[in-house]
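*Asks:* Spelled out from the first residue to the last, the chains are:
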Amino acid sequence: MATISRVDRAQELGSYRDQHYRGTISQQEKRLKNSTTLYVGNLSFFTTEEQIYELFSKCGDLKRIIMGLDKVRKTPCGFCFIEYYAREDASNALRFISGTRLDDRIIRTDWDAGFIEGRQFGRGKSGGQVRDEYRTDFDSDRGGYGKAALRQLQTLDQNMF
Amino acid sequence: MSRRRRLEDDGDDDSRSQKRRRTTTDQNEIEERLESLITRVGEKSTSSLESNLEGLAVVLQADLPNYKLKIISILRECAVELPEKLSVYTTLVGLINVKNYGCGGDFVEDLWVHLRDLMKANEWDKARTLTRFLADLVNCRVVDVSSIVVLYEAFANVTLEEGIPQVRSDWFVYAILSSLPWVGAEISEKKDEELQKILNKIESYLRTRKKDHVAMLRVWHSDSPHPQEDFLDCLWAQTVKLRQDDWTHQSLLRPYMAFDSVLCEALQHTLPAFTVPPHSPDDSFYPLPRVVFRMFDYTDAPEGPTMPGHHSIERYLVEEQLSCIINAYIKDRKECAIQLVSFHGKAKVPLNYMIVEVVFGQVFNLPQAVKQEVAYTALLLELCKLQPGSLPQVLAQASELLYERLDTMNLNCIDRFVNWFSHHLSNFQFRWSWDEWADCVSMDLEMPKPKFVQEVLVKSMRLSYHQRIVESLTNPEPFTPLMPPKPVPVYKYNEEGAGSLPGTMIAHKLMETIKARATTSEVTAVLDDVPNPTQDPDSMEDESTFNPLKIDIFVQTLLFLGQKSFSHSFSALAKFHDVFKVLADSEESQIHVLKMVRELWCNHQQMICVLIDKMLRTQIVSCPAVVNWLFSGSMSGDFTKHYVWEILHATLRKMSKHVGKITAELQEAREKAQKKKKSMDSDDEDSEESDSDSDAESQIERLQEALETAQSEQKNLFLIIFQRFIMILTEHIVTNENRGVTFHTPWYDYCIQRLEQIFLMHYSQVLAYTGTLEDLVFTGDTDPNILKVFQQFRSLSS
Numbered sequence: 001m002a003t004i005s006r007v008d009r010a011q012e013l014g015s016y017r018d019q020h021y022r023g024t025i026s027q028q029e030k031r032l033k034n035s036t037t038l039y040v041g042n043l044s045f046f047t048t049e050e051q052i053y054e055l056f057s058k059c060g061d062l063k064r065i066i067m068g069l070d071k072v073r074k075t076p077c078g079f080c081f082i083e084y085y086a087r088e089d090a091s092n093a094l095r096f097i098s099g100t101r102l103d104d105r106i107i108r109t110d111w112d113a114g115f116i117e118g119r120q121f122g123r124g125k126s127g128g129q130v131r132d133e134y135r136t137d138f139d140s141d142r143g144g145y146g147k148a149a150l151r152q153l154q155t156l157d158q159n160m161f
Numbered sequence: 001m002s003r004r005r006r007l008e009d010d011g012d013d014d015s016r017s018q019k020r021r022r023t024t025t026d027q028n029e030i031e032e033r034l035e036s037l038i039t040r041v042g043e044k045s046t047s048s049l050e051s052n053l054e055g056l057a058v059v060l061q062a063d064l065p066n067y068k069l070k071i072i073s074i075l076r077e078c079a080v081e082l083p084e085k086l087s088v089y090t091t092l093v094g095l096i097n098v099k100n101y102g103c104g105g106d107f108v109e110d111l112w113v114h115l116r117d118l119m120k121a122n123e124w125d126k127a128r129t130l131t132r133f134l135a136d137l138v139n140c141r142v143v144d145v146s147s148i149v150v151l152y153e154a155f156a157n158v159t160l161e162e163g164i165p166q167v168r169s170d171w172f173v174y175a176i177l178s179s180l181p182w183v184g185a186e187i188s189e190k191k192d193e194e195l196q197k198i199l200n201k202i203e204s205y206l207r208t209r210k211k212d213h214v215a216m217l218r219v220w221h222s223d224s225p226h227p228q229e230d231f232l233d234c235l236w237a238q239t240v241k242l243r244q245d246d247w248t249h250q251s252l253l254r255p256y257m258a259f260d261s262v263l264c265e266a267l268q269h270t271l272p273a274f275t276v277p278p279h280s281p282d283d284s285f286y287p288l289p290r291v292v293f294r295m296f297d298y299t300d301a302p303e304g305p306t307m308p309g310h311h312s313i314e315r316y317l318v319e320e321q322l323s324c325i326i327n328a329y330i331k332d333r334k335e336c337a338i339q340l341v342s343f344h345g346k347a348k349v350p351l352n353y354m355i356v357e358v359v360f361g362q363v364f365n366l367p368q369a370v371k372q373e374v375a376y377t378a379l380l381l382e383l384c385k386l387q388p389g390s391l392p393q394v395l396a397q398a399s400e401l402l403y404e405r406l407d408t409m410n411l412n413c414i415d416r417f418v419n420w421f422s423h424h425l426s427n428f429q430f431r432w433s434w435d436e437w438a439d440c441v442s443m444d445l446e447m448p449k450p451k452f453v454q455e456v457l458v459k460s461m462r463l464s465y466h467q468r469i470v471e472s473l474t475n476p477e478p479f480t481p482l483m484p485p486k487p488v489p490v491y492k493y494n495e496e497g498a499g500s501l502p503g504t505m506i507a508h509k510l511m512e513t514i515k516a517r518a519t520t521s522e523v524t525a526v527l528d529d530v531p532n533p534t535q536d537p538d539s540m541e542d543e544s545t546f547n548p549l550k551i552d553i554f555v556q557t558l559l560f561l562g563q564k565s566f567s568h569s570f571s572a573l574a575k576f577h578d579v580f581k582v583l584a585d586s587e588e589s590q591i592h593v594l595k596m597v598r599e600l601w602c603n604h605q606q607m608i609c610v611l612i613d614k615m616l617r618t619q620i621v622s623c624p625a626v627v628n629w630l631f632s633g634s635m636s637g638d639f640t641k642h643y644v645w646e647i648l649h650a651t652l653r654k655m656s657k658h659v660g661k662i663t664a665e666l667q668e669a670r671e672k673a674q675k676k677k678k679s680m681d682s683d684d685e686d687s688e689e690s691d692s693d694s695d696a697e698s699q700i701e702r703l704q705e706a707l708e709t710a711q712s713e714q715k716n717l718f719l720i721i722f723q724r725f726i727m728i729l730t731e732h733i734v735t736n737e738n739r740g741v742t743f744h745t746p747w748y749d750y751c752i753q754r755l756e757q758i759f760l761m762h763y764s765q766v767l768a769y770t771g772t773l774e775d776l777v778f779t780g781d782t783d784p785n786i787l788k789v790f791q792q793f794r795s796l797s798s
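For the protein sequence lines, the chains are A and B, in the order given. All residue numbers for the first sequence refer to UniProt numbering, where the first residue is 1 and numbers rise by one. All residue numbers for the second sequence refer to UniProt numbering, where the first residue is 1 and numbers rise by one.
Since the hints were derived computationally from the structure, they do not count as laboratory data. Check each hint, because a few of them may be wrong.
Partner residues are not named here, just some residues of chain A that face chain B (Cβ under 7 Å, in silico) [stated by the list, open to error]: (1) V7; (2) D8; (3) R31; (4) K58; (5) T100.
Idealized CB from N, CA, C, for every residue including glycine.
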């Protein structure tokens, strides 16, 4: 009987949906509900695969980690995909690791419909993640100022003289 | 509804079918609303609990005529599944019973049957919750005192059964004692004589009860500063004290008190005699005994309310209620933390200390932590966020206490302490008053304290990086002997003096070849030039012969080139998998491969662990090879390092997952076949199906064979491990005794506990092979010090 359902963070899908997903929204949601893959965001550019491995292994054996790369420079750009062998282990990562710190940053994890070649690359104009295009604050772990701030700075420079 | 009928209805009767449909949806809606109302009562609300309960009782009263069965089934589920709101539901049932005696009777009879069903299904924890619920129904004037006394008498009589395991009688005694605080006052007022008899029976049972399990299950080997008591002994002492206090205590929420004037008019139900389901040697599994975890007393929390003593029933009741909250909300750590800090009895106890003790009690529970260890790390982080001004201090104090008591701490628990502490620190920039622990380097570095610090540093580095950890030690100098090395590879063909090594030339050639994106056959061709040092060069070339030099060159060079990250190394393994399979075709050669992995990555334990994980999964090496390598001479220097045991347990886990997977597949195939048979029996005789029938049968046969193979592999693996343990431990004991010195060295204490850990961590798997182990490994010839571990293991479920 399913009268009593306890609150469980892992049962809920986050609001983010991959806009490049090939398929209908309902197909995508069905895959998300059976997936063993997680998206991990807000990583420092300097965080290594080894560190991510260590942290996420606390919830179960990992099949693989795909580091997100800047599509121009081919260097880590602050996100990754983690594939577990078991759905329950991935659920535990959402429950117990998402929202805690790695390299002093609060990392965020979400269900992912499954890794497809090409998705490891940042989709921002400059090669990194889109969020780093529009950011205007200074984040030393994520390449300093966002691209928007840098562009702003450049225009200001030109205007001054 | 038949098809014809629907066709007839098609015309003007459309509205009627719509109406009918609406009625069923209405009914569903009402049932859903009832579920939601009942399951949510007692949650945070703007009005008082009493008025919510009163209101809900009125609503249910109205729905009872039409939805009695549904309401009863929801309430039954709440009684079993929501123990943290026990008295909320007993009160609700009390209020219903006042107005509707018949329904109250149906409900308690339903529970009576359900209690027996839970026992038959080995759902002992749920049965215990339900026993407590029934006891509290006495307070709510639903069940009369004599009924609960009859239940307790039936439970107590189990202690007189013969030929049963102790864990069975333990459960029944525990079920009485753990519900008695709810109803003790009522019983002693009305049935004191009967209560005396029950308690006497329990007392005489406890006096003769065996306690061999305690040694294996206690977190500390020492009773100083706090006794680590068997769970029944402790609860008994608390019960005796409670009886002296006339069964009065203040630790429970009793919402029915507010309705005393209403409830006192209720008619109570007398339940029929309760028959305890008999023990079945093949199908009954009981919970293991426990040892009560104690790390604080009143002197540790000098401010605020006093911490209840070890033998005060308040200590037990608060612990029980906090555990209920943790079990209920653990999957949502934020909510869990909120519920814990708003515990109803917080004014009467030092709540933060109680929470921390209960959490660590669950973390250190043996054989297994109650939930996943990482769940507690997450919960403690959340509690720190919620109470930043007070909880971190308690946690720091707890860490200090745990550190101080490391010398007598169970090694299993030390592992968990290392994992939690390093993970916790990684969320607080690794800030810790390290200097206070600096003196540990002056002792034998094999002692628990320096070992602990060393492993914490290693684990912290794995979550961070070398430089960071060095910098986080404000004064790193004294910790130098414990500091993990920089995780860089040691490629022997690049080291100083490599020129004189046989194979250096070929190794460098191989490196160039691989860098030039060589194929498997090109790599094999380069390796073909390697002479075999174990063979006479003039003898006939034999392909299958083990050539250690070939393995040295190949493994070292390939993995050195993959050093950049795990992914790079994994790709290297995948690309040259075929070469591995040819080179490592025997256990001897596989052990040599493992030796080379370790030589190259001796500074990077995590790399060794993940590489071996992948090598096992891709069947480059076998489980027995890994085990024999870990126990080999080349690993003796690392034998007391945690990563060795990490690898061993991971290997055993992989094996049991493999067995578990086939078991599940076989079960599924059998069920499918049975279902099919049933449906065929009910159908007319149909010979067409016989083909797929034999298909199913051959599949079952195949799976059965696969399972037998897997199980014999698993058994073999345990045999190897235990035999190797006995060999090294016996050798150690004999050597030291011959020298006339004690064999109780730090090394011995470490290893004998690692042996214990195999039994505890893989308890149910080892349990299946107890007979074989007794016949082949743990025999009369085994050294009594080692045999003791096996006997303690056996006592856990006997």
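*Asks:* Should the interface hint for A/T100 be scored as holding, given a Cβ-Cβ cut-off of 7 Å against chain B?
*Replies:* Hint holds; A/T100 Cβ to chain B Cβ min 6 Å, cut 7 Å.
*Asks:* At a threshold of 7 Å, is the proposed contact between A/R31 and chain B supported by beta-carbon distances?
*Replies:* Since the shortest Cβ distance to chain B is 23 Å, the answer is violated.
*Asks:* Take the shortest C-beta to C-beta distance between A/K58 and chain B; is it under 7 Å?
*Replies:* Since the shortest Cβ distance to chain B is 4 Å, the answer is holds.
*Asks:* Have a go at the A/V7 hint: is there a Cβ in chain B nearer than 7 Å to its own Cβ?
*Replies:* For A/V7, the interface hint holds, since the closest Cβ of chain B sits about 4 Å away, which is under 7 Å.
*Asks:* Should the hint that A/D8 touches chain B count as held when the rule is a Cβ pair under 7 Å?
*Replies:* holds, 4 Å
Checked against the numbered hints given earlier, the structure breaks only hint 3 and satisfies all the rest.
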